[in-house]
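Under my numbering, think of the first position of the sequence shown as 741, with each following residue one higher.
Treat the hints with caution; some may be incorrect.
Unchecked claim - FRET-style restraints, in silico, Cβ to Cβ:
(1) P847 with E883: 35 to 43 Å
(2) Y802 with E852: 30 to 38 Å
(3) W900 with R794: 50 to 58 Å
(4) K1114 with R870: 55 to 63 Å
(5) R794 with D851: 30 to 38 Å
(6) E904 with L1044: 22 to 30 Å
(7) H874 with E852: 19 to 27 Å
(8) P803 with W900: 41 to 49 Å
As the list claims (entries may be wrong) - Below 25 Å or equal to it, Euclidean Cα-Cα: the simulated SDA-like pairs (lysine to any residue) are:
(9) K1016 with E1128
(10) K1161 with D1109
(11) K853 with Y927
(12) K853 with D893
(13) K1190 with T1048
(14) K934 with T1048
Just so you know, the hints here were simulated from the structure itself, not pulled from any lab data.
Owing to the predicted nature of the structure, the values given are computational and were not obtained by experimental measurement.
Heads up, the beta-carbon is just placed ideally off N, CA and C, and yes, glycines get one too.
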Amino acid sequence: MVLRSLWRARVRVLIAAVLLLTISYALTPYDGSIRSFFRFHSSVVHQHLIASDRWIDDPASYPVDPENDIGIIVKTGFGTRHRTPRLLDALFKEAFMSDIVVVQDYPVLEDEKYLMPDGRPIPTIDAIGRTLEHGLLLGRESERLSKYERIVDAVNAADWPRAESVAKEVGWELDTMKFIPALQYVYETLLPKKWYLLLDDDTYIIRSSLEFLLSHLDPRKPYYLGNPVGDYKARFAHGGSAVVLSQAAMYHLLHHNAHGLSQAYQESTTAPWGDKLLSTTLMKLGIYLDESYSLLFNGEPPGLTRVTLDRVCLPLISFHGLGAGNAELMEQVGEDFKPANNATTHNPFFWFQLGQGLDGAAEDEDFWDSFHTKPIRQGHNFVGEPNEYFTFFPAVPSIKGCLAKCDDNKECAAWTWIQDKQECHTTSALIPRRDSRVNGDNQVFSGISKKMLDRVASCSGRKNTPWS
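Throw the hints in and build the complete structure from the sequences for me.
In structure tokens:
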């Protein structure tokens, strides 16, 4: 009897605790810390329990025609405006002919007009100027607005060196003020779209992979998609990796939300990042970043993009950083992903395909398969420089010892052994590209883990299956 009474008491306490948590969650604002905490950790549990690629073999129930169903926003600034023509050309090479709007932070210049391949003009707006013209920051004074006015004065005076100098100093701040007005302008002026895509001017989108994902999602549901950054209090989609919003998400953001929009405009004059401001504005409406598809988005250029065990069998949607220090990189990537023979139907591009064509493998041999015949590569480093994926082991006297270190780690994707230093480096995110070669250093030996090779073997057939 005593044990039964204790058991009943514990059950009542548990039920009371669950009810208390449920009520607290329900009464917490959509952007409250309690709600955010539970959403973040439930997302983590979901990703560990449910395979991230299980949806890939499901039917594509929501066909997408990019030309009519996707609206693209390209964000640029005075200091990076030279990137915009290259990005547009790359998208056109990929037959990505969606309606596009270019959004910038300086007055529109007569000699900077962009055209679609069929000659149609691409709308270009000064997002901050438009915000001020519509009185959305009436009476608002801020240092950020003063900085915008400095660029406007320099541009209007055709003082290009001064405009470049100011843009270099303040461009990242003014970018924060583009997000909300850009979305509002596109939603109000373009024909209705199922999906809206927000890009930086150095972000490349692989059209076939994006189409493949969107064809599995219902745009009538409020989706907010991208590459997550930030802690549980404010998870947001990294703007450089591309941000995707569904028709329903845009409706909730821009209809019957006058107070929320007004607050977002006001906050844009002080908020540190526009992509985070967009997220917090959506959170107040109960729309959160859906991390179920986050592993498809990428915030690095091709040569620095790393492959992990949980990504390798998924489609890859984006590259970022195709402008800094290498003006031709965007053009090169555009050529690489141009559909063969002007095909309109092509397969999504998967993460494991990044390895194709690596030096050291025979031209007619698949990169991953080549490791079954040549598992150790002298003069290569698939681990790369130390980062958050990196593990260092000193005093490892042999390649065999380094292999053992990698085998003991369930997340290890690649290993590197440095002979003269007797060091072993492992990583959960490998570099499967030409950049892995270490020039003239024969003391370095590297390879791919068996776990990674087995994972690739289980899904490599996907690249040959057309979906549309």
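Hints, one by one, checked against the model:
1. P847 with E883: 35 to 43 Å: violated (20 Å)
2. Y802 with E852: 30 to 38 Å: holds (36 Å)
3. W900 with R794: 50 to 58 Å: holds (53 Å)
4. K1114 with R870: 55 to 63 Å: At roughly 58 Å between Cβ atoms, R870 and K1114 fall inside 55 to 63 Å, so the hint holds.
5. R794 with D851: 30 to 38 Å: Since the Cβ atoms of R794 and D851 sit about 51 Å apart, the hinted range of 30 to 38 Å is violated.
6. E904 with L1044: 22 to 30 Å: holds (27 Å)
7. H874 with E852: 19 to 27 Å: Once the Cβ atoms are compared, 23 Å apart, the range 19 to 27 Å for E852 and H874 holds.
8. P803 with W900: 41 to 49 Å: Because 46 Å falls inside the window, the suggested range holds.
9. K1016 with E1128: Status holds; Cα separation ~22 Å.
10. K1161 with D1109: violated (30 Å)
11. K853 with Y927: holds (21 Å)
12. K853 with D893: holds (21 Å)
13. K1190 with T1048: With Cα atoms ~13 Å apart, K1190 and T1048 stay inside 25 Å; holds.
14. K934 with T1048: violated (31 Å)
The structure is inconsistent with the numbered hints 1, 5, 10 and 14, although it conforms to all the rest.
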